[in-house]
Every structure is written in C-alpha cells, then in structure tokens.
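**Q** Here's the letter readout for the chains.
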Amino acid sequence: MKDELLKIEKLEVIYKTSEETVQAVNGIDIVLNKGETLGLVGETGAGKTTTALSIMRLLPERTGKVLSGNVTFEGENIFELSDEDMRMKIRGERIAMIFQDPMTALNPVMTVGDQISEAIYYHSEKTNAAGIAARVDKVLELVGISPSRKNEYPHQFSGGMKQRVVIAIALACEPVLLIADEPTTALDVTIQAQVLEMMGELRDRLGTAMIMITHDLGVVAQICDKVAVMYAGEIIESGNMEDIFVSKEHHPYTEGLFGAIPDLASEAKRLSPITGLMPDPSRLPQGCNFQERCSHCMEICTKKNPETYVNGTHKISCFLFKNKEDRGDGDEKK
Amino acid sequence: MYNAISCNIMLVGRFGGGVLVIKYVTKRLLLLIPILIGVAFLIFTIMEFTPGDPAVKILGIEAPQEAVEQLREQLGLNRPFAVRFFDYIYKIVTRLDFGMSWRTKNPVFMDIIPRIPVSATLAFLGIAFATLFGIPLGVLSAVKQYSKSDNVLRVVSTILVAVPTFWLAMLLILAFSSYLAWLPAGGVHSYVGYIMPVITCGGPYGSAILRITRSTMLEEIRQDYVRTARAKGVPNNIIIYKHALQNALLPVITTIGQNFGAILGGSVVAESVFSLPGIGSLVILGIKSKDTPTVIASVLLIAFFFAIVMLAVDLMYAFIDPRIKAKYFKAE
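Going down the list, the sequences are from chains A and B. Residue numbers for the first sequence, in my numbering: 1 to 334. Residue numbers for the second sequence, in my numbering: 1 to 332.
Hints are computed from structural coordinates only; laboratory data are not their basis. Hints may contain errors.
[Unchecked claim] Straight-line Cα separation of at most 30 Å, DSS-like style, residue types lysine-lysine; simulated pairs:
#1 A/K65 with B/K144
#2 A/K304 with A/K16
#3 B/K105 with B/K57
#4 B/K144 with B/K242
#5 A/K16 with B/K144
#6 A/K304 with A/K10
#7 B/K105 with B/K288
#8 B/K242 with A/K65
#9 A/K138 with A/K89
#10 A/K248 with A/K303
#11 A/K89 with B/K242
#12 A/K7 with A/K304
#13 A/K269 with A/K248
#14 B/K242 with A/K126
#15 A/K7 with A/K315
#16 A/K65 with B/K148
#17 B/K242 with A/K138
#18 A/K10 with A/K65
#19 A/K126 with A/K89
#20 A/K89 with B/K144
#21 A/K10 with A/K34
#22 A/K248 with A/K10
#23 A/K16 with B/K148
#24 B/K148 with B/K242
#25 B/K105 with B/K91
#26 A/K16 with A/K89
Just so you know, these numbers come straight off a predicted model, no measurement behind them.
Looking at chain B on its own, in the form it has when it is part of the complex (with noise of 0.2 Å):
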C-alpha cells in the first residue's frame, strides 16, 4: 500500500510539466528530419559506388543491350548522381512518394509494411527476454560478487557476447531442430517459430544488458546512499531494487535502448538463418539485386523507428533520475 502510494506521488512529480515535454519531444522530431536527409544520402551513396548495374540485375545478364539501354533510361539511372538524389528526397517530402521496387516493381512499401510485424515481434520478444533476463541476472551477479553464481555468469555472459549470431543460431538450429526435433527450423506459421530467433537475437544483448548491469550495481552498492538506507532499518532487498537498481538503471536503460534498435535493424542474420520474412531479410534481397529504392526506405524506416526509440530513452531519463529532468524540463 505504501509502496503504491509512494509510486503514484512519483509519476505525478515526474512528469508535470507536461507542455515542456511536448515541446522537447516535437524538437527531438524535427531534428530527425535532417538525420533521415543524411541517412538516404549516405544509403544513396553506398548504392551508387557498389559495383553492378541495377538494369544488368533486373534483366539478367544475358539480355539485350539496347533493352539494358531503354529500363536504364527508364529508371532515370542515366541522369547525373545529386539529380538523382535530390529528385528522390524531392518526391518524398511533397508526395510521400518513396518509389518503386525495381524487383518488384511494387511501391516500395507494399514490401515493407508486411514485413514490420515480423521484424517488429521478434525485435520486442528479443529485448524483453534480454531484459528480462539481463538486469535480473546482473543484479543477482553483483550482489553476490565473486561467489559461484557471479563467476558462471560473468563466463557465460563473455561467451554469449563474443559468439557470432550466425553460430549460435546454427547451434540452435542442430541441437533443437535436427537432433532433438523440438522446434521449427524456420519460419514463423506460429509463434513457436519465434523462439529461437529471439534467444539467438536476445542472449548476446541481454548479456550485453548483464554485464552493464552488474558493473553499475558494484558501483552503487557502494555508495553513501545506500549505508545510510541500510543504517535506517531498509530490508536488504528493497535496498538493493529500490535504492540501488534505480541509481543504475540510466547506463542499463541507454544499452537496452541501442540493443532494440541494434535487433529491428540487425537482426538480418538471424532472419535470414531462420528464414523469417522481416525487414532485414528483406535488406538483403534488396542489396543482391541492386533493388536501391527497396534498400533506402528499409534503412530509413530502421532509422526512424531507432531514433524513436532513442528520444522514448532520453525520455525514460527524466522518469527516473529527477536531476536530468530538472536540467532539460525546467521551470514547472
């Protein structure tokens, strides 16, 4: 009861100055737009310097060169580089217009948007089991520092860091799949087939999450603060997940911020072992066939939604620690 009470006296104190907030978040949304200008252009770039012609691609080599010639000049591929970049950013700001896939010939994001669910669960399941398994871990490592439990942990969790995705997923894939015939190889016709794309997404980040968890915990156990809520009569463990964990959680919070946008983006690896139909897979068919329009708006939607979730951690400061709220939501 008192702990409810306690909380609800928090979420108000915190988050007063509600037109402050809205008028940081709605700058924060503007500077994206010169960030998403930035990201095309270098997209744009690296498309345009990787060897191959994208008509070449579309038709295959053996075909034609005068019909080469004619999609070429089709495409608008003949017209000069910053013509070209500017034309796009130009349909893009007046008409949503993001273009066609040369694969497909479909908008680009009739591929897209089907593909977000995928990429969107397997990106959410795999921070929230990372999460759920690192900070729990990290804490229980720190305050049992050099016992048994800690020296494990710390040994997995280098492991887990240090191997490739691709490995582990291999391992998974052999052991559940092939020898023991639990789970799907591939595919996601049920959210079993999830399972193993998240572990092999969430257990390098969530021993990312462990290990920074741990070394911040050290730190604030050791604080001032923390000997004076032992001296008051505070249960150890209230000490440690009320006082202590929240001191932390600032570096824990800004790892599981990257790490989320490290999964939508990244996951390409795992998606493609397990033949998930997600964005990064799609990233990928896009870069093998020159597809340029398909790659630029995946990565720019990647762009988007990791620096959305980077503004709702920036956010997430200000609930918890009040001294950063004070500092950028001034004046109540």
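If we strip away everything but chain A, and leave its shape as in the complex, we get (with noise of 0.2 Å):
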C-alpha cells in the first residue's frame, strides 16, 4: 500500500481582486498513498478548501489563481491535463468532492436519481439508461438510502440524508480519491456520527484514498491515517496519528487546539480557547504566521520563516524545536 497517489508539491494560490490579493496557500506539500486517509485540519480561512478545490481544478475562475507548484496525481500533472481531459478524466471518475454543505449543493430542481446518474452518465462510453439506473440503485443502496426514493427532489430528504446522496453522487463512479470538504459541519452530532461511521466502512470497502477536511480533531481520530494541520495557508505541523495524538512535541498551534476541545477526564470550568484571530491573508507578517497569537514567540520567529524539524514521519515547522536541537535541553516547555 505504498504506491504514491497524490503528490502536492510547493503549491501556492491566490484570490486576486481588484482591492487586494490573498494568499489563501503558500507553498504547502502533501503526498498521499493508494487507500490512505489524510486529515486536513486548520480554523476557517486556513486555505482548507482551496487547497482541494486546486487538486479539482474549480477554483473561482476569475479570483482564484495557482501561483507555482504542482498537484501529481496518479503520476501526472493536474495543471498539464487539457479541460476536456480534467472533466471527463479526473472530475467525478477518478477524484470526487463532497462538499460542506449539504443543503446547497443539491440541485434543488432536479430529483436525486438524475443527480446521481449524471455523474455516472458523462463518464461512460456508451449509454445504456438500464445500466445506469441499476448503478444509480446499487450506490443509493451503498449510502443507506431505498432506491425507491430516487425521484424525490432534495428538497424531500433531510440534512443527513442529502449528505447521504451527495456522498452517494461521489461515489458513483468509484473514484480513487475522494475528497471531503467538512463532510459532518452541517450535520447535528447523532447524524455526524452516521454519516462519518458510513464514509469510513465504505473507504474500507472500496479502497479508496481520502483527503478528510475538517476543524474537529474529532473526526480526525476517528477515521484519518494521517493529519496535516494549515494554519495560514501553511501546513505547520504534520504526521501519523502517533505523531499528533499521542507525542509529546507539538507545534503551539496545534497545541492550542487540543487545548479548545473538552477533554472528559480532567475537570475544568473553562476551555482555553487560542486568543486572538489569524493573521489577514491579504497582509501576512513577515516571519512566522502565528508570531502574534503564540505565548513562546522568539525574536527569530517575526524575522524569518521557520524551519522544518523533522522527526520521522512528524514534521513541525516552529524554531522552538530548531533551538532544542541545538541546545540539546529536554524539557523546555512551559
């Protein structure tokens, strides 16, 4: 299972307006294996999304830029492949997207079956309308959903349900990576769970890598093999689960998370929320980008971008591990 999948290398994009210019991603690298599941943690505005809608190549058209870098799927390169090749080659057949939410992102005029055989239609070489609807069947079935119910409108279905056929829809095709935009966000916690339990038996049953996008580390520790965190358009820590939730050596970004979440066993009248907001995309500091809400920041830290540490399969980018290294101390935290 180590055949390389996906390979993002220094990828950088931008939103251009007229008034300004984000930096949504600066220069993030990620590489997944066949069958492998990566969670892509961060706050909003981390650049989550726009990293995944680059993989599919539907950035906004008109804001939305790639600067540099390169996404190398299944050993070629996204940005090289001609439309028509990306539509009927890549969108929906090998890579699919489940999106956030999912009372928008059903098509309110049309019923669920035509939504989901769509996807299946454009991608088949001859038409056979009985094939397709018994394919339309077998997915429906796939997600917990009686096909009888496949010409009712999305209007029909409830919150759990709709994301049900949506996962449906991207999984129609039996993609080799399936993309999950905050799959569980606009779920209450019960249907989160369902809908989360589902998405890891069929990965399981099908095989398929998945890029998990999430804030709730939640879900992280529920379903993902590997976790990178993005923080300002950077992804400043990364590693197996091992790495993230059991060592001890963390970035003071992911730190802070895992301080915002209750925890069951320790007894604590407040959470202890990470102060301050992340920086403006439009006017990063120099240096490192969480400089100004971190209780450790160095003087090096508002002067130059930190350096990579690297420990294995867990990479942190912060100087405070940098100085550890150097200076050879243990235990230096707090």
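Two chains, two separate frames, one set of hints: put the complex together.
**A** Pasting the structure below:
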C-alpha cells in the first residue's frame, strides 16, 4: 500500500480581486498514498478548501489563481491536463469531492436519481439507460437510502440524507481519491457520527484514498491515518496519528487546538481557546504567521520563516524545536 | 437517449396529482370574476369622468339639442351612474350581453372578435421573438460576464428598454420602408407586415428578458450545486443550460408572462403606428369617440387574457420547481 497517489509540491494559490490579493495557500507539500486517509485540519480560512479546489481545478475562474507548484495525481500533472481530460478523466471519475453544505450542494429542481446518474452518464462510453439506473440503485443502497426514493427531490430529504446523496454522487464512479470538505460540519452530532461511520466503512470497502478536511480533531481521530495541520495557508505540522495524538512535541498552534477541546478526564471550568485571530491573509506578517498568537514567540520568529523540524514522519515548522536541537536540552516547554 | 428518458420521468413526476391541479385552476378561474368586475368598475368610472358627452360625439357638435336629448334617453345615459353600472353587469351575467357599440351600432363583440387574431398574432410573435433572443443572449451575457459581448449586450439592451416604442417604430419605418423599401409601412395583408411591429413590440421586452436572465444566471452559476455539478464532471454547457438555467427560469418566466400581457393590451402604440387592425387600435378609437361599451369590453377581454397568462405562469412555476409544486399541490 505504498503506491504514491497524490503529490502536492510547493503549491501556492492566491485570490486576486481589484482591491487586494489574498494569499490563501502558501507553498504546501502533501503526499498521499493509495488507500490512505489524510486529515487536513485547521480553522476557517486556513486554506483547506482552497487546497481541495486546486486539486480539482475548480478554483473560482476570475479570482482564484495557482501561482506555483505542482499537483501530481497518478503520475500525471493535474495542471497540464486539458480541460476536457480534466472533466472526463479526473472530476467525478478518479477524484470526487463531497461538499460542506448538503443543503445547497444539490440542484433543487432535479431528482436525486438524475443527479447521481449524471455523474455516471458523463463518464461512460456507451449510454445504457438501464445499466445506469441499476448503478444508481446500487450506490443509493450503498449509502443507506432506499432506491425507491430516487425520483424524489432534494427538498424531500433531511439534512443527513442529503449528505448521503452528496456522498452517493461522489462515490457513483468509484473514485480513487475522495476529497471530503467538512462533510459533517453542517449536520447535528448524532447524524455526524452516522455519516462518518458510513464513510469509514465505504472507504474500507472500496479502498478509496481520502482527504478529510475538517476543523474537528475528533473526526480526525475517528477516521484518519495521517494528519496535516494548516494555518494561514501553510502546513505547520504533519505526521501520522501517533505523531499528532500521542507525541509530546507539538507546534504551539496544534497544542492550542487540543487545548480548545473539552476533556472528559479532567475537570475544567473553562476551555482554553487560542486567543486572537488568524492574520489577514491579504497582509501576512514577516516571519512566522502564528507569531501574534504564540505564547512562545521569539525574536527570530518575527524575522525569518520557521524551518521544518523533522522527526521520522513527524514534521513541525517552528523555531522552538530548532533551538532545542541546538541546545540539546530536553524539556523546555512551560 | 438519456435525456429523453429523464425528461419523461420529470414530466410524469411533475404533473402527477392532476385532480389537484384542476382544483387549483378552478379556484383561480372563479377568483377571476371579482377581478373582472373590479376592472369593469374602474373603466366605467374613468370613462364617466372623462369630459365629453357621448351623444354629442355620436351626432356631431352641430346636432340639435332635442336630438342629443333623445339619444341620451335612448342610450340610458340619463340614469344615475350606479344604476347604469349594475345594469351593465346584470346584462353580462344574465345574458352575456356586453352592449352595443355606440359608434358602429353593432354588438361590441362583433367589432372586437375580427380584431383578436391580429392582436394575438402580434402578441405571440412578439413574445416569441423577445424570448428567443432574450434568454440565450442573457445566458451568454452572464456566462461571459464583463467580456466584450457582455458589454455590448448590456449597452444595447439598456438602450432598447429605454427607447419609446413609437420612436423605435418610426425609425424602423424610416429605415426599412422609406429608405430601403424592403417592408411595408403598415397593414397586415401578408405576414411580412408583422415583421416591424414584432420587432417594435418584442425588442424592448426582449431586452427586459435579457437583463433579468443575465442577473439571475449570474446568481445561479455561483451556487454550490453548480460547483457540485462541475466536480462530478458534467460538461460546461450542460451545467449552464440544464442546471443553472432551469433554476434561473422562475423570475424569467414571470417577466415573460407580464410582458406577454403587456404586449396583448399595450401594443396600442405599435398598432396605431403600423395601422394594424388590432384590439389596441380599437380601444384608441373607442376612447376618441367616447364609445364606452367597446372600451370596457375590450379592456375586459385583455384583462381576461392577462389573467389566464398569469395563471399559466403560476402553473409553469410548479412545473419548473418541485418545491413550489409540493407547497401548492400537496399530497399525491
């Protein structure tokens, strides 16, 4: 299972309007192997969705622009494919995407059956109506919806059921890579658990690789193999599950994220949120992007971009660890 | 093939529950009665308050006083306003009698009916022309927002919406009849005669349709479901014409319906400039000669058609948007 499926190198994406240029993604690297699930974690505006849309080449045409970097999928450079190849071979066929808000992600005037069969129809060579209908039934069953409901419209479904339809659309052509952009954010907690469990099962059954975009570390713990934490368009920490959930060494931002989760084992009156806001992505500071909110901020952090500290699979972009290596002392934290 | 199949499913799925549709239509048609009585009252009152004595108009200003008095008595003009109005409504309800034209002495519908085909042809061709250029160009304008073609279309459509109909009509006559001599300046002896009136009527309405199509399409192509469709690899033109346009159609159809009604009754200017014998020019004639029965009956007819068109528009809503159908034709 070590076949490399997706490789993102030094990806930089901006949104350019007449007023400002927003640096949404600033040189990120991601490697995903076949069948693996990567959790892409970060708060709103960190560039998670932008990264996903860049892979699909679905950035808003007028404003969104890939400045530099490469996305290689199954050995092919996504940015060099023709529009027609992109549509026919990649979108919906090899890479599928699940969107954040199931309430608006479906076309309100088409039956859900038609919306699913479209995905199949536009990726099959010969059109065989009966065959397509059978596949629609199959994929609906797969996500736990009775095929008898395929002639209903989205407004006749509840939120959780709509998200299942969105997932069914994504799975219709059995993609190799599934990008799930906060698939459970718009759902309530009980439905969240159901949908996540179902996605996990489907992934295991179909062997699909997955990028799970979320700001919920609980979701990551439940379903992912690898984690990348994004902050202001950069990946500031990445590693496998042990590196993130067991290891004691963390980027201060990741620590903040964990500090903001209620812990059942310890009693606390208040959660400790990360103070302050993410820097304005149209005016990123010199040096480390997290400096203003970081309690460990040093002089060097305001001058130079942090270097990446590597420990096996665990990567952290922070000067704290650089210093520690140099000084060789063990516990410097708090 | 796939499209045909899905289309069939849609048709069956959408107009199931036929009994409910019939019930709804009946209700709407019954509602028409008070509306038409109201329209009749308004026109009756307006005609009452406009200056001029119908009897004098009919006989001429030099007619002797006794003759005028006699005619007034004969037409029932000496009775009080309310009595005349209720008498008018009573005759319509009991005998479908809309009165006689004071000008031609014919029952009013004998004057009106031969004119319906002319007005109806003009209205249908006008709205067809307006829709056929309004919707595709509106879509083009939205899809290629801020491009050269969009800018040209926006400027031209703004001008066309703003231009007075009579001016456009005269300009067309000047260019195509006087100067180039390609088209007749008036009359409907052949269908060629309809070309310029249709352009005159359809141009401004088509521009209105273009503009509303553009703005709703701009909204729709930024919706999440369009992104979903792109993510599943649907070709661009299908996304635009099948997904986005169908969602954008509601306000567009409302505009088309309203414009259809407006062309039906309001092509007065085009009908007089191009001397078409339609209902619009009959109304003008009736107003000029204070022929109240003709005016009221013509306006009632136009109001009736307008209401029918709006009913058709509302039914189209249910056809296009299943959410509206679910709301009004529930429980299948």
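**Q** Indicate, hint by hint, whether the structure satisfies it.
**A** Hint check results:
Between A/K65 and B/K144 the CA atoms are separated by roughly 18 Å; this keeps the pair inside 30 Å, and the hint holds. At most 30 Å may separate the alpha-carbon atoms for a hinted pair to count; A/K304 and A/K16 meet this at roughly 25 Å. This hinted pair checks out: B/K105 and B/K57 have alpha carbons roughly 14 Å apart, not beyond 30 Å. For the hint linking B/K144 to B/K242, the alpha-carbon distance of about 17 Å falls within 30 Å, and the restraint holds.
Straight-line distance between C-alpha atoms of A/K16 and B/K144 comes to about 19 Å, which keeps the hinted pair within the 30 Å bound. Distance check on the hinted pair: A/K304 and A/K10 sit about 18 Å apart at the alpha-carbon level, within 30 Å; holds. Our distance criterion of 30 Å between C-alpha atoms is met by B/K105 and B/K288, whose separation comes to about 16 Å. In summary, the hint linking B/K242 to A/K65 is supported, as the alpha carbons are separated by about 28 Å, within the 30 Å threshold.
For a cut-off of 30 Å, the pair hint linking A/K138 to A/K89 stands: about 22 Å separates their Cα positions. Of the pairs offered as hints, the one joining A/K248 and A/K303 holds, with about 27 Å between alpha carbons and a cut-off of 30 Å not exceeded. Taken as a hint, the A/K89 and B/K242 pair is honoured in the structure, with Cα atoms around 22 Å apart against an allowance of 30 Å. The straight-line distance between the Cα atoms of A/K7 and A/K304 is roughly 27 Å, inside the 30 Å bound, and the hint therefore holds.
With a CA separation close to 24 Å, the supplied pair A/K269 and A/K248 stays within the 30 Å bound. Among the hinted pairs, B/K242 with A/K126 is consistent with the structure: their alpha-carbon atoms are about 21 Å apart, no more than 30 Å. As the CA atoms of A/K7 and A/K315 are separated by approximately 17 Å, the hinted pair is consistent with the 30 Å bound. Restraint check for A/K65 and B/K148: the C-alpha separation of about 22 Å stays at or below 30 Å, so the hint holds.
Among the hinted pairs, B/K242 with A/K138 is consistent with the structure: their alpha-carbon atoms are about 25 Å apart, no more than 30 Å. At roughly 14 Å between alpha-carbon atoms, A/K10 and A/K65 fall within 30 Å of each other, so this suggested pair holds. Among the hinted pairs, A/K126 with A/K89 is consistent with the structure: their alpha-carbon atoms are about 15 Å apart, no more than 30 Å. As the CA atoms of A/K89 and B/K144 are separated by approximately 26 Å, the hinted pair is consistent with the 30 Å bound.
Between A/K10 and A/K34, the direct Cα distance comes to roughly 21 Å. Compliance with the 30 Å bound is thereby established for this hinted pair. Only pairs whose Cα atoms come within 30 Å are accepted, and A/K248 paired with A/K10 is accepted, the gap being roughly 28 Å. At most 30 Å may separate the alpha-carbon atoms for a hinted pair to count; A/K16 and B/K148 meet this at roughly 21 Å. At most 30 Å may separate the alpha-carbon atoms for a hinted pair to count; B/K148 and B/K242 meet this at roughly 25 Å.
About 17 Å separates the Cα atoms of B/K105 and B/K91, which keeps this hinted pair within 30 Å; it holds. A C-alpha spacing of about 29 Å is found between A/K16 and A/K89, which places the hinted pair at or below 30 Å, so the restraint holds.
Of the numbered hints stated above, none is contradicted by the structure.
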